[in-house]
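Asks: Residue-level listing of the chains:
There are 2 protein chains.
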Amino acid sequence: MHDFNLWAPKAKKVQLQSGGNNYPMTGPDETGTWHLEMPEATCGLDYAYLLDDDPTAYPDPRSMCQPNDVHGCSRLYDQSLFCWSDQKWQAPPLAAAVIYELHIGTFSQEGTFDGAINHLDHLAQLGITHIEVMPIADWAGDRGWGYDGVALFAVSDSYGGPDGFKRFVDACHAKDMAVILDVVYNHFGPVGNYTTKFGPYLTEKHKTPWGAAVNFEEGGSDQVRRFFCDNAQMWLRDYHVDGLRLDAVHEFIDRSAINFMEQLSSEVERLSTNLGRKLVLIAESDLNDPKVVRPREAGGYGMDAQWSDDFHHSLFSLLYKGNPATGYYGDFGKVQDLAKALKHVFVYDGGYSKYRLHSHGRPVEGLSAQHFICFIQNHDQIGNRAKGERLEHLVGLDAAKVALGLTLMAPFIPMLFMGEEFASSSPFLYFAFHNEEKMAKLISEGRRKEFAAFGFEDQEIPDPADMSTFENSKLKWGEVHEGDHAHMLDWTQKLIALRRSTNALNDGDIHHMHVEYDADKRWLTMQRGPITTIINIGEAEVTLPLNGSAAVILRSRAEVEIRGDSITLAPMSLAVLNSEEK
Amino acid sequence: MHDFNLWAPKAKKVQLQSGGNNYPMTGPDETGTWHLEMPEATCGLDYAYLLDDDPTAYPDPRSMCQPNDVHGCSRLYDQSLFCWSDQKWQAPPLAAAVIYELHIGTFSQEGTFDGAINHLDHLAQLGITHIEVMPIADWAGDRGWGYDGVALFAVSDSYGGPDGFKRFVDACHAKDMAVILDVVYNHFGPVGNYTTKFGPYLTEKHKTPWGAAVNFEEGGSDQVRRFFCDNAQMWLRDYHVDGLRLDAVHEFIDRSAINFMEQLSSEVERLSTNLGRKLVLIAESDLNDPKVVRPREAGGYGMDAQWSDDFHHSLFSLLYKGNPATGYYGDFGKVQDLAKALKHVFVYDGGYSKYRLHSHGRPVEGLSAQHFICFIQNHDQIGNRAKGERLEHLVGLDAAKVALGLTLMAPFIPMLFMGEEFASSSPFLYFAFHNEEKMAKLISEGRRKEFAAFGFEDQEIPDPADMSTFENSKLKWGEVHEGDHAHMLDWTQKLIALRRSTNALNDGDIHHMHVEYDADKRWLTMQRGPITTIINIGEAEVTLPLNGSAAVILRSRAEVEIRGDSITLAPMSLAVLNSEEK
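Which chain is which? The protein sequence lines are A and B, in order.
According to the numbering used here, the first sequence is numbered sequentially starting from 58.
According to the numbering used here, the second sequence is numbered sequentially starting from 58.
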């Protein structure tokens, strides 16, 4: 027995097709929804929809399972059948989080949820509290980053389908790790998006980098917003996910008095209360606008946290000595940018951006740093390079250790990208294959053209459609305990252990934090209560006076020493000091 | 001696053309601006700009005078030469305002500022405190409503040019009336917009009803925002204008962390402090979003007030018995809508709008009614009808008296449209002529097509391009003291006098206001302190009990009487009572 509900406000006739039969649906009701009660329908039933006189049967926009890729029939899935073992689960607070971003397809050799489960012990031992999973909603084809999803309620079958994801979440919870899922509500993928056959999910009034914008403000937008809010609630409720990361919220174009993000955060708060466990929303935002994370009561959108790129850009620009600053890196490159990012979150908080050609951002006022996720590596900052080089491939291990050290000692919520903890030798390349040669060609050409502007030859750019591009991006777990990889893993583990065991490193306080630097000699100190982190990213040894007694509790290189009343740091090194006076 | 500054960020070469000579400009500087210091340039000099190798000389986007329509040369104008006589001027507070909207071209027979000055005594005697002038920025052609402006810093020559407007403002101030100017920052007119030759004033990323949106958020937007903010400041500073009415702010598309409206209100506040007189900003907003008028400190945009259509729509829908509710009127029509508009400002404060096909608005919380401008007639609500009928032409004088009475007794800031005070017999038609036959044809056809949907025949629709359409819209001042016109004028005068002399009618308090109604019998009472307004818009006489003693201080028809403990109102009548108990 199942109630089929389908939003198709413009249709004059809708039929459900299943097992060779067509069943007429009743509707549309006042919301534009069609209904069919089917006593014989049970979990596993394959079905699709026929609209008006169009002979093609389309998959359900809210399909929860697409066994034969996104173009085929939808399969009825019963959320209630899975046997969960996480009844007492409570996620650790986001404020105390160390997040680990991973891509299911390349995290394990198997490229599946079950494959990923095998490596959870490694993450738990590392001290990870939250695993952020790159999008798993079904897209056309077998491999991709996941941002091309079109069946947003279905879990990619290539990863293991709905039950596979549930096993993964359950296993994470069993090992005391929360799960954050990356969801894409700003566009649909370029292949297999049938939603527009059913209703005005998109609007031509606004353009985004992916074409027509999602319709958050025009006729029918109530149901479009319902679609995304219900999607969010499904992951949180039915898949026991602890939070969502919303992709590129700056591409939501919404002049409504109640912004989509505000609606979503308010619905998720209600769900959180109903479920009795804290759920979080994290926005990827390029707006440098604190409104995104301000409470709704204060006129904000009520997101729990947002990504902030400015810390990454300012730190990376200082470490990378390759080709001159291009693109957004042109806006960064000074030690004082890094100091500002640490102290004020946004380097661009109203100032003019040469890259953007306009003033950008707004000061963060009255918000703790715990509303901002920072990182020195993530899927974009690696994968959007022509050859998918990780930080350590570009700047070497010493610099990568300094960078990760500062990230983990900083007041923001830190996030690592899979493999960063052991300086993985695998690149993270851009791969996408939609089982469609024409689109594959378009994507490959687009990628080559994009990087030609930066002086790359065509043959240097791995083809996103090639199987090898995908395979080469997989982590090589064999290397974890070898040489530099083991050394980096040890460093990461120590940093995380220190962060998690030290109150002063988890208070999110930027107002009492003290940052000093020398722009020429390229050192910077960051004092958070009794803990002082010092980095020397210059080319010469640096000696700094110590105020009172202090002990080095972590050093990235052996050549960091306290001598009397001062501390000396070798080039490209980091030290963490604990001072008893404070 | 004059410094010419021109923003033309993409140009490789810019010359100023004047008196047959070309003068090369220096630039662009880091803002994209070109400069030329011309010692011999004085007020009255005609000039234009040559860009790169384009042989056409274009008028200055910031031209302050266009003596030969918007396509011709710009003429240098010296803001400092006018002799003002309003040195001690302070505008009355907006909270105590009675606004009068007028269109310079049709307000007087002459259709000029000087023609309008002749009728200021009439407005002063009426009790008007603020005159709102429909747009005067120069557009292509001689006649139009003004929303097709393209030379936004120039005053239309057909109205009397810059000095004419200054004479008008000075004369208003001399008669104790403030001036609010309607400005259009959401688009440029369809003919003669040369700004796009100079820089990215528009963006193709977003569509508005007039085409590409103004660029408030992309590359170059700092200078575009500067253009509009400087424009606003020019009117307020150099023309002594007391406030601006911003046309259709819902068509600003701006995801910037600092919204254009917020920037503008903050700059205008600074100017207000510098000039030592209060300046106000009023937004026309279709968003039903209190954020527009919330203080910036509370996450709002800091506009002083905004227009709210919901009061008009709910009241008009109750009075007009013509063809069934079409367009947005379909969302209204119940007495309880009117009660909600009075008590909560927005009828649509989050509910579903059948006209818009989505949920609309947000509750007004913690704001006084003095942030909302309401009216029962305005240029749009008359002129956007096929035949430009005024309210009284459609519903008769009794109903118009009730409507105006409720508007003036309501807690919002009331606004009248020119001629409303004497039930003018002139329609206010849609007229537009850009001295271009092709565009004239397009506009006429568009208008006919628009109204064909409502069942109008082509020949019924006055042609916007015809001179007679414009001439017929002029007020007939001869009729002011005749019959029904004189009667309406007397009614208006009494209402305004009562409002202005009664504290309780100016407190903007909606929290303590008491509204009661009977949806079937169609009466409604609105109690504000000791003043109670009762309307009977039903078809039968209505008798209501009185609580305690009260005196009728205003009645719209003679057939309103207190008999013992009750009051009886004839059909379509209004009474204002003063109760001593309160």
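Keep in mind the hints are simulated off the structure, nothing from the lab.
Treat the hints loosely; a few may be bogus.
Claimed, not checked - Here are the simulated lysine to any residue pairs, SDA-like style, with alpha carbons at most 25 Å apart:
1) B:Lys506 x A:Gly276
2) A:Lys444 x A:Gly535
3) B:Lys335 x B:Asn288
4) A:Lys262 x B:Pro247
5) B:Lys335 x B:Phe139
6) B:Lys69 x A:Gly535
7) A:Lys411 x B:Gly276
8) A:Lys262 x B:Gly276
9) B:Lys69 x A:Tyr409
10) A:Lys533 x A:Gly440
11) B:Lys348 x B:Ala396
12) A:Lys67 x B:Arg413
13) A:Lys411 x B:Glu87
14) A:Lys411 x B:Thr253
15) A:Lys67 x B:Tyr385
Asks: In ascending order, which of the hints set out earlier in this document are inconsistent with the structure?
Replies: 6
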